[in-house]
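Participant: Next come the chains, spelled out residue by residue.
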Amino acid sequence: MAAKPENKIIVVGGGLSGLMATMKICEGGGKVDLFSYCPVKRSHSLCAQGGINACMDTKGEHDSIYEHFDDTVYGGDFLADQIAVKGMVEAAPKLIKMFDRMGVPFTRTPEGVLDLRNFGGQKNKRTCFAGSTTGQQLLYALDEQVRRLEVKGKVQKYEFWEFIKVIKNKEGAVRGIVAQNMNTNEIVAFPGEVVILATGGPGQVFGRCTASTICNGSAVTAVYKQGAHIGNPEFIQIHPTAIPGSDKNRLMSEACRGEGGRVWVYKDGKPWYFLEEMYPAYGNLVPRDVASRAIYKVCVHMGLGINGENRVYLDLSHIPADYLEHKLGGILEMYSEFVGDDPRKVPMEIFPSVHYSMGGIWVDRLHHTNIPGLMASGECDYQYHGANRLGANSLLSATYSGTVSGPEALRLARSGELGPMLTQEELDAARQECVEEFDKIRAMDGEENAHRLHQELGELMYKYVAIERDNNGLDQCLKELKGILKRWDNIGVTDHGTVANQEAMFVRQLRNMILYAMVVTKAARMRDESRGAHAKIKLDANGKQMKDADGELVFMGRDDEHFMRTTIVDYDPATEEPQVSYMEFDHSLIKPRARNYAVAKKE
Amino acid sequence: MFHTTFYLRRLHSLCGLFCLGAVLFEHIFTNSMAIFGPEALNGSLAMMELIPKPIFLALEIGAIATPLLFHGIYGIYIALQANNNPGRFGYVRNWNFALQRYTAWFLVVFLIWHVGYLRFYTKGVTGTPISYELLQNLFTSSPITTFLYILGMFAAIFHFCNGITTFCMTWGITKGPRSQNVISMISMGLCAAMCCITLVFMGSYFVR
Amino acid sequence: MADKMVRFIIERQDGPNEKPYNQEFDVPYRPALNVVASLMEIQKNPVTVDGKRVPPVVWECNCLEKVCGACMMVINGMARQACCALIDELKQPIHLQPARTFPVIRDLLIDRSVMFESLKKIQGWVEVDGSWEVKDAPIQNPYTAETAYEISHCMTCGCCLEACPNVGPQSDFIGPAPTVQAYLFNLHPLGKFDAPKRLNALMEKGGITSCGNSQNCVEVCPKSIKLTTYLAQLNRDVNKQALRNMFDK
Numbered sequence: 001m002a003a004k005p006e007n008k009i010i011v012v013g014g015g016l017s018g019l020m021a022t023m024k025i026c027e028g029g030g031k032v033d034l035f036s037y038c039p040v041k042r043s044h045s046l047c048a049q050g051g052i053n054a055c056m057d058t059k060g061e062h063d064s065i066y067e068h069f070d071d072t073v074y075g076g077d078f079l080a081d082q083i084a085v086k087g088m089v090e091a092a093p094k095l096i097k098m099f100d101r102m103g104v105p106f107t108r109t110p111e112g113v114l115d116l117r118n119f120g121g122q123k124n125k126r127t128c129f130a131g132s133t134t135g136q137q138l139l140y141a142l143d144e145q146v147r148r149l150e151v152k153g154k155v156q157k158y159e160f161w162e163f164i165k166v167i168k169n170k171e172g173a174v175r176g177i178v179a180q181n182m183n184t185n186e187i188v189a190f191p192g193e194v195v196i197l198a199t200g201g202p203g204q205v206f207g208r209c210t211a212s213t214i215c216n217g218s219a220v221t222a223v224y225k226q227g228a229h230i231g232n233p234e235f236i237q238i239h240p241t242a243i244p245g246s247d248k249n250r251l252m253s254e255a256c257r258g259e260g261g262r263v264w265v266y267k268d269g270k271p272w273y274f275l276e277e278m279y280p281a282y283g284n285l286v287p288r289d290v291a292s293r294a295i296y297k298v299c300v301h302m303g304l305g306i307n308g309e310n311r312v313y314l315d316l317s318h319i320p321a322d323y324l325e326h327k328l329g330g331i332l333e334m335y336s337e338f339v340g341d342d343p344r345k346v347p348m349e350i351f352p353s354v355h356y357s358m359g360g361i362w363v364d365r366l367h368h369t370n371i372p373g374l375m376a377s378g379e380c381d382y383q384y385h386g387a388n389r390l391g392a393n394s395l396l397s398a399t400y401s402g403t404v405s406g407p408e409a410l411r412l413a414r415s416g417e418l419g420p421m422l423t424q425e426e427l428d429a430a431r432q433e434c435v436e437e438f439d440k441i442r443a444m445d446g447e448e449n450a451h452r453l454h455q456e457l458g459e460l461m462y463k464y465v466a467i468e469r470d471n472n473g474l475d476q477c478l479k480e481l482k483g484i485l486k487r488w489d490n491i492g493v494t495d496h497g498t499v500a501n502q503e504a505m506f507v508r509q510l511r512n513m514i515l516y517a518m519v520v521t522k523a524a525r526m527r528d529e530s531r532g533a534h535a536k537i538k539l540d541a542n543g544k545q546m547k548d549a550d551g552e553l554v555f556m557g558r559d560d561e562h563f564m565r566t567t568i569v570d571y572d573p574a575t576e577e578p579q580v581s582y583m584e585f586d587h588s589l590i591k592p593r594a595r596n597y598a599v600a601k602k603e
Numbered sequence: 001m002f003h004t005t006f007y008l009r010r011l012h013s014l015c016g017l018f019c020l021g022a023v024l025f026e027h028i029f030t031n032s033m034a035i036f037g038p039e040a041l042n043g044s045l046a047m048m049e050l051i052p053k054p055i056f057l058a059l060e061i062g063a064i065a066t067p068l069l070f071h072g073i074y075g076i077y078i079a080l081q082a083n084n085n086p087g088r089f090g091y092v093r094n095w096n097f098a099l100q101r102y103t104a105w106f107l108v109v110f111l112i113w114h115v116g117y118l119r120f121y122t123k124g125v126t127g128t129p130i131s132y133e134l135l136q137n138l139f140t141s142s143p144i145t146t147f148l149y150i151l152g153m154f155a156a157i158f159h160f161c162n163g164i165t166t167f168c169m170t171w172g173i174t175k176g177p178r179s180q181n182v183i184s185m186i187s188m189g190l191c192a193a194m195c196c197i198t199l200v201f202m203g204s205y206f207v208r
Numbered sequence: 001m002a003d004k005m006v007r008f009i010i011e012r013q014d015g016p017n018e019k020p021y022n023q024e025f026d027v028p029y030r031p032a033l034n035v036v037a038s039l040m041e042i043q044k045n046p047v048t049v050d051g052k053r054v055p056p057v058v059w060e061c062n063c064l065e066k067v068c069g070a071c072m073m074v075i076n077g078m079a080r081q082a083c084c085a086l087i088d089e090l091k092q093p094i095h096l097q098p099a100r101t102f103p104v105i106r107d108l109l110i111d112r113s114v115m116f117e118s119l120k121k122i123q124g125w126v127e128v129d130g131s132w133e134v135k136d137a138p139i140q141n142p143y144t145a146e147t148a149y150e151i152s153h154c155m156t157c158g159c160c161l162e163a164c165p166n167v168g169p170q171s172d173f174i175g176p177a178p179t180v181q182a183y184l185f186n187l188h189p190l191g192k193f194d195a196p197k198r199l200n201a202l203m204e205k206g207g208i209t210s211c212g213n214s215q216n217c218v219e220v221c222p223k224s225i226k227l228t229t230y231l232a233q234l235n236r237d238v239n240k241q242a243l244r245n246m247f248d249k
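Protein chains in written order, with my numbering: chain A, 1 to 603; chain U, 1 to 208; chain X, 1 to 249.
To be clear, the hints were calculated from the coordinates, so they are not data collected in a lab. Note that the structure is a prediction, hence the values are computed from the model and not measured. Glycine residues also receive a C-beta, built at the ideal position from the N, C-alpha and C atoms. Treat the hints with caution; some may be incorrect.
Label pairs and their computed distance ranges (CB to CB) [stated by the list, open to error]:
1. U/Leu80 - X/Pro103: 46 to 56 Å
2. U/Ile76 - X/Ser224: 30 to 40 Å
3. U/Ser131 - X/Lys249: 30 to 40 Å
4. A/Tyr582 - X/Lys52: 22 to 32 Å
5. U/Glu26 - X/Pro103: 44 to 54 Å
6. X/Asp172 - A/Gln156: 20 to 30 Å
7. X/Lys91 - A/Gln579: 50 to 60 Å
8. X/Leu243 - U/Met48: 50 to 60 Å
9. U/Trp105 - A/Val188: 28 to 38 Å
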């Protein structure tokens, strides 16, 4: 039997999803050029703390894969493709076993099997975890495996290389990328038979968030500009419990609540456990969108935040310290380190923060984008989470999507469907275009400082497109975003060199961030309903936010008739503005029902 | 493949602790006889002369010279791999690490002088036997020599005692921080005791 | 309050082969300010204390939560993560330098690829057959798993290499972090099958024999990994392996 050809696939992004896809491709006989902004071991996946969901059913609760499926779809407010979600939850237990074999030091029960914990939006214990640094441990396991493949010559890593754009052949299929070495600033065009983007979320569009500084979504915008659909971008998850900070909001895992942490503020001089009161069935373990809105309401609308500031307590101090150390050690240490208080003794002070993007590049169930030869997987795609992601489903979706996109990329590469590889002229032309763009940026000498402009962008997005939205605000936001985009042209750089010119590279990313902000805002503007993380306040005839008889804000309801569809955003090259349309998706397995976490789930 | 570095390194550790440790103990033991006067020291030196010459020479070459040369030369190679930084990282163990190397450098020079002068020149070339009177004369005639000898002894003692601590780590005998600290304290106690003995017998030349 | 400034003295270098020089910056003080946040402020206003507009300082950072390991630099002489170096706990003026154990690319940006290469040398992985389903993973002693969890926190930041007097251009020591990683995989029920390979790799030149027990590593490890304990354990294992190598054949 003749050996299969060693097809070369380009994977951009070295987080969980990219590494998983890489591994699958190599196992299938392919070779991978793996591009990453940073050493893959430092990818943002390692910031995931709480755990990874999989129905292991080892706690005598009769947990089932169907239950996981239903929780995910219900938690996502019925906007997720149900066939895709089903595939993911079914694969989950197998992935856990794989990680266990690879050496992930999961936390174990006294008899040595994997321990499980509670997580938001799920009544059963279903979350496997490695202390409070699950993402780090999972990422390291795949990093190690990919290093093994690297030694075998299957993987060529390009670390500290930034993806700039994809290159298409004459038939419009993606057959290569242009990337830039971040240290030498050399720009090179790389041919590849198929390109998988696994570049993570766009958190930096909001400035301060729980994401790493590298999560700017620039790669997503780059392919959006080249014709890729963006799906459901308006669904931005706001994590209810983060430590507010001036440089970033540091995540305080949902696992705190999973292990018994309680959220409260003082009301009439007494602790008020408002989540437990508002949502008796789930209490502190309501999904993130619900918890964030409740905290926001208590602080902003009721003025009950700690000392009048936007903070509430997250309390673990009633739990024995050694239990906390065992289950949550790492993040409690982090809180002590950055805040100075010991969460084992005093309640932590937290507030919601932008955390995750449910939306992203539109893909089908096999993770093809609408551009042939371009695939997307991980947080940068829109799949699996609908309108709101359940905690501990992100590590799962990242890994699972890699197990789908990897083999599929190899199949596609071998199918011969994509037409000819790129000629040297095509590669050179694409490269030259990027070189010219970079040179132009290096020479910019306007008045604006890119980093200050970025800060403004984040503040603007938080103001209008965060927890509560309304159409006036969104219109205003779009207008101001256009202003910011114009001001981008007037940026001045102080660094004109070509050795690790981080400033010029940031300027290039910033433009993409502004464009992505417009995508999010426009999609939010067009979706006239509330669903999951997207909560829109009704406006009265005067354009004021509507309030009911008790003075409470009136939110739009969920509108399945018009909006149980996937938002699709396309780039209009002429105006640089986003164009919104809608697409049907598969929701044939579970009939939509009202989402109410005050009562136990009824199926 | 043959892990040359590993075996050399372990051999360096073994011969330092056992061969050269024994030599050091022998020196301190014999020299401390000076405390009890010329007869005691000369007596114990004479005891050694009872060993038949060929055996004595073989011992000198096999158990002293060879280990010393190996430990010294390979030790220089090891010391060259260190970029001592106790100024930046002033932890006790790091100071000990640096001192281990500083004392090593000093000992290389000191031992060349000591062995060259007493063993090769005095005993070998001039044929003068080592005796209490010779040593007393050597020390009392030059305070610098005395000082350098005391320093040399201190350096050797510290190097040996700290070597016990690191030996226990290198051979995986003491694993946890507590056991490492205990051994470290014991060996530093030994170091202090041996230094005191040295001061006493060196001092005894001056009071008698 | 608003007038209070924090003075930074930053050792800069324009390229891998350029000469280092110092530049001073003032950053407005605010509570809970850390070194990375200060460098971000400098990005927003890259002007030295002499009023000179200069290219912003180049450094590496990702997570700002002390898990990615990217932002290691030398702060007031100490190798540590910049993100959790709170200004309130530092002596001013604050000196920032690149960790020169590694090649400097520019300013505070260094090239730590040697650490990842070392992880290849010690075979830092569990040799699984593949990512497909095989069977249930073996049950593990929860106490052993906890030790593994501790070691697995190592974020390859390089603090221990910067502090170790035996790591540097003068020596080929791979350093404490990669060495101790070998023990992590030797602990795993499947990984231990290859323990002899890893131990033999550690016996090579630049392996564990280059450890001089200065124990700086355990002092500076930002993750408080008991590096010296595991180094001693590895010494024990390596010695046993050496005996096996000698007498088993």
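Participant: Hint by hint, say whether it matches the structure.
Facilitator: Here's how the hints hold up against the structure:
1. U/Leu80 - X/Pro103: 46 to 56 Å: Violated, at about 21 Å.
2. U/Ile76 - X/Ser224: 30 to 40 Å: At roughly 35 Å between Cβ atoms, X/Ser224 and U/Ile76 fall inside 30 to 40 Å, so the hint holds.
3. U/Ser131 - X/Lys249: 30 to 40 Å: Since U/Ser131 and X/Lys249 have Cβ atoms about 54 Å apart, the given range 30 to 40 Å is violated.
4. A/Tyr582 - X/Lys52: 22 to 32 Å: With a Cβ separation near 54 Å, A/Tyr582 and X/Lys52 fall outside 22 to 32 Å, so the hint is violated.
5. U/Glu26 - X/Pro103: 44 to 54 Å: About 49 Å separates the Cβ atoms of U/Glu26 and X/Pro103, which means 44 to 54 Å holds.
6. X/Asp172 - A/Gln156: 20 to 30 Å: Roughly 25 Å apart at Cβ, these two residues keep to the hinted range, so it holds.
7. X/Lys91 - A/Gln579: 50 to 60 Å: With Cβ atoms ~56 Å apart, the hint holds.
8. X/Leu243 - U/Met48: 50 to 60 Å: Given a distance of about 36 Å, which is not inside 50 to 60 Å, the answer is violated.
9. U/Trp105 - A/Val188: 28 to 38 Å: Roughly 50 Å apart at Cβ, these two residues miss the hinted range, so it is violated.
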